[in-house]
Amino acid sequence: MSRGIGYTLAIFFFTIVFSLPLGLLLTFFETSKNPVLCGATKFYVFIMRGTPLMLQLFFIYYGLPFLPVIGKYLAMDRFAAGCIGFILNYAAYFCEIFRGGLLSIDPGQYEAARVLGFSRAQTTAKIIIPQMIKVVLPPTSNETITLVKDTALITTIGITDLLHYSKSLVNSTQSVLPYAVAAVFYLIMTTGLTLLFNKLEKKFRF
Amino acid sequence: MNDSITSDVVIVEHMRKAFGDNEVLRDVSLRVGRGEVVAVIGSSGSGKSTMLRSIIGLERVDGGTVIFEGADLVRDGIYVPEKQQRRILRRMGMVFQHFNLFPHLSVKDNLITAPVTVAKKHKSEAAEKAKELLSKVGLLDKLDAMPSSLSGGQKQRVAIARTLMMEPRVLLFDEPTSALDPELTGEVLEVIRELAADRMTMVIVTHEMTFARDVADRVIFMDNGLIAAEGSPKEIFYDSQNARLDAFLKSFRDR
Ligand SMILES: Nc1ncnc2c1ncn2[C@@H]1O[C@H](COP(=O)(O)OP(=O)(O)OP(=O)(O)O)[C@@H](O)[C@H]1O
Ligand SMILES: [Mg+2]
Chain S
688 MSRGIGYTLA IFFFTIVFSL PLGLLLTFFE TSKNPVLCGA TKFYVFIMRG
738 TPLMLQLFFI YYGLPFLPVI GKYLAMDRFA AGCIGFILNY AAYFCEIFRG
788 GLLSIDPGQY EAARVLGFSR AQTTAKIIIP QMIKVVLPPT SNETITLVKD
838 TALITTIGIT DLLHYSKSLV NSTQSVLPYA VAAVFYLIMT TGLTLLFNKL
888 EKKFRF
Chain L
11 MNDSITSDVV IVEHMRKAFG DNEVLRDVSL RVGRGEVVAV IGSSGSGKST
61 MLRSIIGLER VDGGTVIFEG ADLVRDGIYV PEKQQRRILR RMGMVFQHFN
111 LFPHLSVKDN LITAPVTVAK KHKSEAAEKA KELLSKVGLL DKLDAMPSSL
161 SGGQKQRVAI ARTLMMEPRV LLFDEPTSAL DPELTGEVLE VIRELAADRM
211 TMVIVTHEMT FARDVADRVI FMDNGLIAAE GSPKEIFYDS QNARLDAFLK
261 SFRDR
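Chains S and L are the protein sequences, given in the same order. For the first sequence, position 199 (counting from the first letter as 1) is numbered 886 according to the working numbering, and the numbering increases by one without interruption. For the second sequence, position 203 (counting from the first letter as 1) is numbered 213 according to the working numbering, and the numbering increases by one without interruption.
Chain S on its own, in the form it takes in the complex (with noise of 0.2 Å):
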């Protein structure tokens, strides 16, 4: 059962620290005045939002070995497929909080900045990200929550994951304990998040 657990805590862990960065920079190509980039970040946020990710899953581990020709360099590892899939999905859902985040902004704030010298990057990096951060903390801190749960998900590609382990311990010792355990485990991985981002909401309270 436990390497069960490390599979969920890495697939969790993967995710956060690749989907966060990349839903930013999907963020600022969304809010781009390059027509290309914004629409194409548009209509990759509409797929990944729109379709199950247990079938982004499915597409990515089963479907891509099956495309002609370069089908055949895709294939991977089950493993790694599931941190794929769950990276590109979760990236186009932070994408969306962080736009709406970045949204809320005053656009004073950039004309503030602007005029004692600030450049774009400067800006961007000391007077927007702070305070979007405070914006996009509860709504993050609900993502991460449901991430744990949809960590459960990646049993359907294969992978031997907490919930595998205690559905093959259910059946082998016909008991209902394993999902018991099971449930503890998922609840403190759940508590724990919550309050952490509990604390970082009250560093961003300004």
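For the record, the hints were derived by calculation from the structure and aren't laboratory data. Please note that the accuracy of each hint is not assured.
Stated by the list, open to error - Pulled from the structure, derived: some chain S residues nowhere near chain L, Cβ distances all over 12 Å:
#, residue
1, Phe701
2, Phe733
3, Lys759
4, Pro794
5, Val857
6, Pro865
7, Leu883
What the hints assert, rightly or not - Computed, partial: chain L to chain S, Cβ under 7 Å:
#, residue
8, Ile66
9, Arg100
10, Met104
11, Ala124
12, Val126
13, Thr127
14, Ser159
15, Val225
In this text the structure is predicted, and so the values were computed from the model without any measurement. Yeah, the Cβ is synthetic: ideal placement off N, Cα and C, and Gly gets one too.
On the provided structure of chain S, position chain L with the ligands as indicated by the hints.
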């Protein structure tokens, strides 16, 4: 440097600006001398804010010329390269109606972030200067306060101090007291009066007629995208020759 040629800090010639079909600035020419205080009055929508914002590069003009301390910002509607623009604009300061303090930074950090980030000043040196300027505006005790804990009048005084940190050669004010409760306008106007006494070059858009009369060397009346009248406070407020200006001033007296 160019003082031998002209002592004008800002020269605006034939500036034009439209938003779509709305011609907001139709042909504005203006000179601001060193140490001069110019008050800009006029009814809502006459283009006062747009003029200030165009001088400091927040709006792109469609035509005309802006020269700052002898250097072109825009000539005949064509802007100099972005880097050069930023170098020129860095020597101008602007104070906004809604203060636009950075809410995530303490008063001290609001003041030092531009000198440290933009002008690459040393943190300790900037902090010294911040203290000096905060005591000038009477807010030294608010050094570590967050903007959200300040009154409107205090916020605007911090905003003025923040602008002064960059040692601007000209300060533009866009209705600095319009967002304030009446009892808080006095403390902000007092700070501006002190700057005038120090011979700071300033252009002040305001609806405070008494203040304009007292503090300005010259008053400009804007009407419908044009400078319709211009003169000393006495000429504008007491010897007006302009029917539109009379009507505007009368609407103030009747309030
Ligand atoms: N960003 C903008 N986009 C479109 N129209 C604008 C914009 N900014 C200003 N305008 C228009 O330009 C005209 C002049 O506006 P401006 O803000 O310069 O007037 P003002 O003299 O400062 O008025 P007030 O006393 O109300 O501040 C108005 O008709 C306004 O609607
Ligand atoms: Mg205005």
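Proposed interface contact between Val225 of chain L and chain S, which counts if any beta carbon pair is under 7 Å = Status violated, d = 22 Å.
Looking at Phe733 of chain S again, its CB stays over 12 Å from all of chain L?
-> Holds: least Cβ distance 31 Å, greater than 12 Å.
Does the claim that Leu883 of chain S lies off the interface hold, with its Cβ farther than 12 Å from every Cβ of chain L?
-> Holds, since 20 Å exceeds 12 Å.
Per the stated criterion, does the least C-beta distance between Lys759 of chain S and chain L lie above 12 Å, as a non-interface residue requires?
-> 48 Å, holds
Return the status of the interface hint for Val126 of chain L: holds when the least beta-carbon distance to chain S is below 7 Å, violated otherwise.
-> Not OK, violated: Val126 of chain L not within 7 Å of chain S, min 10 Å.
For Val857 of chain S, which was marked as not at the interface, is the minimum beta-carbon distance to chain L over 12 Å?
-> 50 Å, holds
Under the criterion of a CB-CB separation shorter than 7 Å, is Ala124 of chain L in contact with chain S as hinted?
-> It holds, given that the least Cβ distance between Ala124 of chain L and chain S is near 4 Å, below 7 Å.
Closest C-beta approach of Met104 of chain L to chain S relative to 7 Å, hint status | Holds, about 4 Å.
With a cut-off of 7 Å on the beta carbons, see whether Ile66 of chain L makes it to chain S.
-> Holds, about 6 Å.
Consistency of the no-contact label for Pro794 of chain S, given chain L and a CB cut of 12 Å | About 9 Å separates Pro794 of chain S from the closest Cβ of chain L, which leaves it inside 12 Å; violated.
Hold the hint about Thr127 of chain L up to the distance rule: shortest CB distance to chain S must be less than 7 Å.
-> 5 Å, holds
Determine whether the non-interface label on Phe701 of chain S survives the test: each CB of chain L must be over 12 Å from its CB.
-> Nearest chain L Cβ is 30 Å from Phe701 of chain S, so the label holds.
Checked against the numbered hints given earlier, the structure breaks hints 4, 12, 14 and 15 and satisfies all the rest.
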